[in-house]
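> Below are the chains, spelled out letter by letter.
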Amino acid sequence: MNEIMNNQSSTAAVLRDNAQVAEVLGRSYSAGFVTQIEMTGLPPGLDEGTIRALSAVKREPEWMTEWRLEAYRHWLTMPKPDWAKLNIDPIDYQAISYYAAPKKQPKSLDEVDPALLETYEKLGVPLHERAALAGVAVDAVFDSVSVGTTFRKQLADAGVLFCSMSEAIREYPEIVQKYLGSVVPTGDNFFAALNSAVFSDGSFVFIPRGVRCPMELSTYFRINAQNTGQFERTLIVAEEGAHVSYLEGCTAPKRDENQLHAAVVELVALEGAQIKYSTVQNWYPGDENGVGGIYNFVTKRGDCRGDDSKICWTQVETGSAITWKYPSVVLRGDRSVGEFYSVALTHHFQQADTGTKMIHLGKDTKSKIVSKGISAGKSSNSYRGLVKMEKGAERARNYTQCDSLLIGKQCGAHTFPYMEVKNPTAIVEHEATTSKISDEQMFYCRSRGIGEEDAVSMIVDGFCKQVFRELPMEFAVEAKKLLEVSLEGAVG
Amino acid sequence: MLKIENLHARVEGKEILKGLSLSVNAGEVHAIMGPNGAGKSTLGNVLSGREGYEVTAGTVTYNGIDLLQLSPEARAAAGVFLALQYPVEIPGVNNTYFLRAALNAQRKTRGEKELDSMQFLKLVREKLKVMQISDELLHRAVNEGFSGGEKKRNEIFQMAVLEPQLAILDETDSGLDIDALKQVAQGVNALRSPDRAFLMITHYQRLLDYVVPDFVHVLANGRIVESGDKSLALKLEEHGYAGLGTGAAA
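Chains as they are written, first to last, in UniProt numbering: chain L, 1 to 492; chain F, 1 to 250.
Possibly wrong hints are sitting among the right ones.
Unchecked claim - Taking lysine to any residue pairs in the SDA-like style, the calculated list, with each CA pair at most 20 Å apart, reads:
(1) 481(L) to 104(F)
(2) 122(F) to 138(F)
(3) 230(F) to 22(F)
(4) 391(L) to 436(L)
(5) 108(F) to 88(F)
(6) 436(L) to 104(F)
(7) 481(L) to 116(F)
(8) 113(F) to 454(L)
(9) 113(F) to 144(F)
(10) 363(L) to 270(L)
(11) 465(L) to 113(F)
(12) 480(L) to 104(F)
(13) 480(L) to 230(F)
(14) 436(L) to 204(F)
(15) 357(L) to 480(L)
(16) 108(F) to 157(L)
(17) 480(L) to 113(F)
(18) 422(L) to 332(L)
(19) 436(L) to 69(F)
Said to hold, decoys possible - Which stretches of chain F does chain L cover? Using the computed rule of at least three CB atoms under 8 Å from a CB of chain L, they are:
(20) 204 to 217
(21) 224 to 233
Note that these hints are calculated values from the structure, not bench results. Where is the CB? At the ideal position from N, CA and C, for every residue including glycine.
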């Protein structure tokens, strides 16, 4: 409770229009290259045949195929979602290819195609264990499949299962069957249903009772093929008293067409377990005229199933043409804790509608939300959050802080907090601020010798500090760099 | 070092400086005094290149170069420093980090090698000692939640680390109690050197008891109307600006 009480919001003053900060084009997206590699896949189109073919390629058991088909049939009956605060062209689901994979399927890391290794090297994620980040195990997903997972042996020695979802379905069917879809049911929403029908790969993590995962786990998602959707599915289960910290990173080449990324992530924390899930999302955002970019429609949900469990989402969202995601926590166990820390940056014509849901069911449950939205160019950035205190949520508490920072005059920031309180002992707090980078701050930095772009980066970094603090060390540095690159050309 | 000739400047269309001329040599301390609205702060802002201050006539030559052509950050790298009357808060940005970024940006522009964290920390420790400032200041965000006195002291501390050639102090003494004033003055005195010049803009002669200037100028109605030594400040204290014959506060 102290944690919640002690959190003071940054008192950002609303300042007058900024004459200095004007719109200039010229953002650079360093991850925009294309890897030339022989691919295999399914032709565009979606019907039951596609799903059976996908399931067959992946050598899945019959129950998995049936699970997918059931989801597909349900999906067909669902209306397309109402687009929140987003403008979006209709998506042609028959024009998308639902499976793309490098032709050569390696059996181990030593057999991975050099072109792929080079791709990940260029992205700063070396897959050779010698060169890999110390203390971080990586699962690399390229288009529809996992191409390699590092440090598997060390993890296995600790009892931790970390592999691709495809492998998990074959190797650990009991665990997968027990938990898959238990947090996000197949019919949860339009994109979750689509994902359940056609998901191709993703990461699987299982931390057995009492084990603290000895290293950070991470997945690096890369979309490469054209006209392909990426539908990954991630499942993380932490048994009683287990701890794990997991990070995902995402990039894609520059293309003029929009590409669809519709992922589902499910987290299950049993009694006393802690899961920390961090995302650095840098999908291709489209160019300065709003052409191309990834549609990022993601369902992420954690279930604090046991008492005294804790789930923490931290996200840094700088990419995608459209982002639509609300990492949520269901606080089922008594005294369970849910946290959400978010930095969402939009530039040019990017649109982001993101936030969280904290569903309090158990007694003395606590949640904390810190959202930092930064808008530049002609972009639109919305925070949408739901805090729900159900009848049984005795003495539950929520603290929400939403801060928006505007750069330039043509962007927008919106905050949509929803609160439903059905228990009179529950306490919900909400604070929101909107500020601009002021002329005074810019002049102060410049009069000390700091150039305009560096000054903006520095001010934005300061604005995000509360969230960056929550990221694992290695990635806090990466996130900061990413913001700098994403803001290039935001001032003139 | 600095030669201002017939400087005219406008703010929001209104002419504030109306033919100001001033020469400053290395090693000198000049005090600029004058009534409210005389153009004192405008002078500081024009010299450091703040946007919104439009120079309509006149020249400013600094070490042989046309200062007015340079961006604010280029002026900083060339050794011009302005201690602000109202230092700005930058939430979440660590004071030490800010200062190191500033120093290294200046060094880079000058073609000097940037300092690594260890070298920088060593420099900062030395300066803290000289300025008699507690290192608690270093761990906080830039001016965030600082008292008025702490903000002003932080400006002087920044000046000590950046080691400018021309330091402009814009009412650094205003709002300070006597102890804080002495501390700020001591910091300034510690930085006086034959290579460095100071332009101290102030309302009151109080600061000049602690930092004794070589020259005192009275700025009124956008021009220097009288110049002299320390005794001029005392005379002003006694008779006020109204006592000045030549075109004082109109």
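> Now look at each hint and say whether the structure bears it out.
Here's how the hints hold up against the structure:
no.: 1; hint: 481(L) to 104(F); verdict: 18 Å, holds
no.: 2; hint: 122(F) to 138(F); verdict: 13 Å, holds
no.: 3; hint: 230(F) to 22(F); verdict: 17 Å, holds
no.: 4; hint: 391(L) to 436(L); verdict: 40 Å, violated
no.: 5; hint: 108(F) to 88(F); verdict: 24 Å, violated
no.: 6; hint: 436(L) to 104(F); verdict: 26 Å, violated
no.: 7; hint: 481(L) to 116(F); verdict: 19 Å, holds
no.: 8; hint: 113(F) to 454(L); verdict: 18 Å, holds
no.: 9; hint: 113(F) to 144(F); verdict: 30 Å, violated
no.: 10; hint: 363(L) to 270(L); verdict: 16 Å, holds
no.: 11; hint: 465(L) to 113(F); verdict: 29 Å, violated
no.: 12; hint: 480(L) to 104(F); verdict: 19 Å, holds
no.: 13; hint: 480(L) to 230(F); verdict: 51 Å, violated
no.: 14; hint: 436(L) to 204(F); verdict: 35 Å, violated
no.: 15; hint: 357(L) to 480(L); verdict: 26 Å, violated
no.: 16; hint: 108(F) to 157(L); verdict: 50 Å, violated
no.: 17; hint: 480(L) to 113(F); verdict: 24 Å, violated
no.: 18; hint: 422(L) to 332(L); verdict: 15 Å, holds
no.: 19; hint: 436(L) to 69(F); verdict: 28 Å, violated
no.: 20; hint: 204 to 217; verdict: violated (count 0)
no.: 21; hint: 224 to 233; verdict: violated (count 0)
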